[in-house]
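Protein chains in written order, with this note's numbering: chain S, 1 to 81; chain B, 82 to 162; chain G, 163 to 306; chain A, 307 to 450.
If you are wondering where the hints come from, they were derived from the structure by calculation, not from laboratory data.
The C-beta atom is built at its ideal place from N, Cα and C for all residues, glycine as well.
Not the full set, but computed from the structure, chain G residues with beta-carbon under 7 Å of chain B:
#, residue
1, G193
2, W282
3, M298
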Amino acid sequence: MIVTVLFFAQARERAGRSSATLELPDGSRVADALEEIERLHPPLAALRPHLAVAVNQRLARLDAVLPAGAELALLPPVSGG
Amino acid sequence: MIVTVLFFAQARERAGRSSATLELPDGSRVADALEEIERLHPPLAALRPHLAVAVNQRLARLDAVLPAGAELALLPPVSGG
Amino acid sequence: MAELVRSALDVAQLLSAAARPDCGAIAVFLGTTRNHHDGRRVTRLAYEAYEPMALASLAELERHALEHFDVASCRIVHRLGDVPLAEPSVVVVVAAAHREPAFAACRWAMNELKRRVPIWKKEHYAPGGEDWVAGMKLADPDAD
Amino acid sequence: MAELVRSALDVAQLLSAAARPDCGAIAVFLGTTRNHHDGRRVTRLAYEAYEPMALASLAELERHALEHFDVASCRIVHRLGDVPLAEPSVVVVVAAAHREPAFAACRWAMNELKRRVPIWKKEHYAPGGEDWVAGMKLADPDAD
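Chain S on its own, in the form it takes in the complex (with noise of 0.2 Å):
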C-alpha cells in the first residue's frame, strides 16, 4: 500500500524534502513505516525520540496499524505561540 509521508520543522530539514511517498506492505504499523523512513534518511533516526507521529492529522501511537493511502507526518517538538 501506499502511505505519503510528511516532514515538517527538523524532521524536513534532516529529511532533505517536505514530502515523499512510501510503498509498505498491508497491515504496516507507524513503527514499521518509521523504520524504513529511517533507512532512507538517516539522519532522521536520532530525532525519534522526540517525535510525535500523526496519521490523518490526529496523533498516532507507535503500534497503530496505518490504513491504506495514510497520511503520516513527522511531527518534532511544537513550539508555536
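Chain S is fixed; fit chains B, G and A onto it per the hints.
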C-alpha cells in the same frame, strides 16, 4: 479655617451639589467635618457607613486632623472597571 | 502612563505602543459595558471619577505592577462619561518577557482597580430607573 | 473561529468582533516575537505549521474553552511565515460575562497551544546560525 468639600456619585446626589466650602474651627478632624456636612445635608447620614473620605486626595481616618485649606472628598463605594 | 479619557479607548494604539522587541508577551484586559445587571436591562451607563485622585491611584497600580511582577510595562486607561453598550470602559495592557507574569499583573491590576480607584458607574434601566452600581468601600489606607 | 494567517494579525478587528453587549470582560493574550533567546540575539524568525492539523487543534482549543469555562467566545489566530521582531505571532481573545473565567480560559488556551498544536518556530541569530526553538513533544493522545 476653610475646608473644601467634594461630593461624588450618591454623595453628590444626596447633597444636591458637587462641592461646598465649610468653615470649621482650627484643629477639626475628619469626623467633625462629616458631622457638620450631615447637619447641612441630612440625606448624607445614611451613606456614612459606606463612605470613605479623602483629604487632599489621600484616604484619611475619621480622627485625622484637617490641615487648613484641606480638600475633603466624600467617596461612596467605588465601581470602576 | 495612566489616563482618564472621555472618548472611545484607542486599544489598537495602546497595543502597538506596548509591543517591545525584548518582550514576548502582552496580556490585555478590556472591561466592556453590559446590557444587563442583576436581571435588569441596562440601556445606558456613565462613569464619574474623582479625577486627580483616580489618576494618581491608577498610576500607583501601574508602578506597583512594575515593582512586584516581572513585567516591563503596565498601562491602564479608564473611560469616563457616557459609554455606549458593548464598548470598552477600561483597558489594562501589560507587556513582559514571559506570559505568566503578564497575565498575573494584568489580573492583579484589574482586581485592585475595582477596589482602590475612586470611579463610579451609574446605570440606567429599562423600563425605568437608575442606580449607582453597588461597589466596594475604598480600602482603608492602614489596611495595606 | 481559529485561523492561520500569513500577514500581520488584525488585533483591533478581533477585539471589536469579540465585544458583545451581554459580556463585560475580554481577556486577550498577544505573543510577540522577541529579539533575544537564551542569551542569543535573534534577528529574524519564522513559523511553520502542519496547517490542517494545526487549524483543527486550534479549533479544538476554542471549543474546549467554551465547554469548560464560563465564557461566551474564544478566538485564536496564529501567524505563519516570517514575523518581524516585536510583532504579534499569536493572539487569543476570550469574551465572557465576568473577568475571572475570561482570564482563566485565555491563559489555559495559550498554555495548551504551546503543547498541542503542530506549529514550529525557527530563529536566526546574530552573528550567525539558526535553530528550531526547543519545544514540547506533542502530547500523547492517550495521556488525555
